[in-house]
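Colleague: Using the sequences and the accompanying hints, generate a full structural model.
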Amino acid sequence: AQSVSQHNHHVILSEAASLELGCNYSYGGTVNLFWYVQYPGQHLQLLLKYFSGDPLVKGIKGFEAEFIKSKFSFNLRKPSVQWSDTAEYFCAVNARTGFQKLVFGTGTRLLVSP
Amino acid sequence: GAVVSQHPSRVICKSGTSVKIECRSLDFQATTMFWYRQFPKQSLMLMATSNEGSKATYEQGVEKDKFLINHASLTLSTLTVTSAHPEDSSFYICSAPGPTPGELFFGEGSRLTVL
Chain A
34 AQSVSQHNHH
44 VILSEAASLE
54 LGCNYSYGGT
64 VNLFWYVQYP
74 GQHLQLLLKY
84 FSGDPLVKGI
94 KGFEAEFIKS
104 KFSFNLRKPS
114 VQWSDTAEYF
124 CAVNARTGFQ
134 KLVFGTGTRL
144 LVSP
Chain B
17 GAVVSQHPSR
27 VICKSGTSVK
37 IECRSLDFQA
47 TTMFWYRQFP
57 KQSLMLMATS
67 NEGSKATYEQ
77 GVEKDKFLIN
87 HASLTLSTLT
97 VTSAHPEDSS
107 FYICSAPGPT
117 PGELFFGEGS
127 RLTVL
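Line by line, the protein sequences give chains A and B.
If you want this note's numbering, it's the position in the first sequence, counting the first as 1, plus 33.
If you want this note's numbering, it's the position in the second sequence, counting the first as 1, plus 16.
I should point out that these hints are in silico values taken from the structure, not numbers from a laboratory.
Keep in mind that this is a model prediction, so the values were computed, not measured.
We put the beta carbon where it would ideally sit given N, CA and C, even for glycine.
Errors might be hidden in some of the hints.
[Said to hold, decoys possible] Cross-link-like lysine-lysine pairs, in silico, BS3-like; alpha carbons within 30 Å at most:
id : chain 1 : residue 1 : chain 2 : residue 2
1  : A       : LYS82     : B       : LYS30
2  : A       : LYS104    : B       : LYS30
3  : B       : LYS30     : B       : LYS80
4  : A       : LYS94     : B       : LYS71
5  : A       : LYS134    : A       : LYS91
6  : B       : LYS30     : A       : LYS94
7  : A       : LYS104    : B       : LYS82
[As the list claims (entries may be wrong)] Simulated coverage check for chain A against chain B, where a stretch passes if three residues somewhere in it have a Cβ under 8 Å from a Cβ of chain B:
id : segment
8  : 72-78
9  : 109-121
Modeller: As structure tokens, then:
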């Protein structure tokens, strides 16, 4: 069965600091990888996704993530965070074949102080 | 982007009663919708997949008779928690598939508290 681990449950940063949120998944086959974000009071929304090709993917608002197959990782990064990045971030994976079911990590709550 | 709306956003009910949560796709049609449940500090867990015009597909361990799912039209899916108990208190979120596999549009969630 697939599983997703997010190592940091809470992260507190000052504005302009760099961000890296860890995500590791467990699955023997080929997967699609996602990061979703939930800003305070808003719906979950897609931040970025990886299906194939260049393992470094860029998403909205300056976020990027790198797929490292050998490490089963898909870490999220941003060089310089802003107060408006305060949100909860979820890593998710689904198998390429068979039923397309998303499996989520437990989420990381990011607080950016001004 | 596409909008999925849930109602109610918060509901408090007495133990033993039933509660219905609606999930609507506002500007697109969804033949499939997904219902998730989230416990505090835990991940979103897929409960079931509702299919317009046919029976829902439940994940292992989810009680079909307790969590009734109906996909009445291409824009509406409902989750009814029957004979609710305090342990059913949770955050329930629905979603509909986007244009690419795994991409989902989420509702705002419904927080159920059973007294």
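Colleague: Now, for every hint given, state plainly whether the structure supports it.
Modeller: Tested hints:
| no. | hint | result |
| --- | --- | --- |
| 1 | A:LYS82 x B:LYS30 | violated (41 Å) |
| 2 | A:LYS104 x B:LYS30 | violated (48 Å) |
| 3 | B:LYS30 x B:LYS80 | holds (21 Å) |
| 4 | A:LYS94 x B:LYS71 | violated (40 Å) |
| 5 | A:LYS134 x A:LYS91 | holds (23 Å) |
| 6 | B:LYS30 x A:LYS94 | violated (43 Å) |
| 7 | A:LYS104 x B:LYS82 | violated (40 Å) |
| 8 | 72-78 | holds (count 4) |
| 9 | 109-121 | violated (count 0) |
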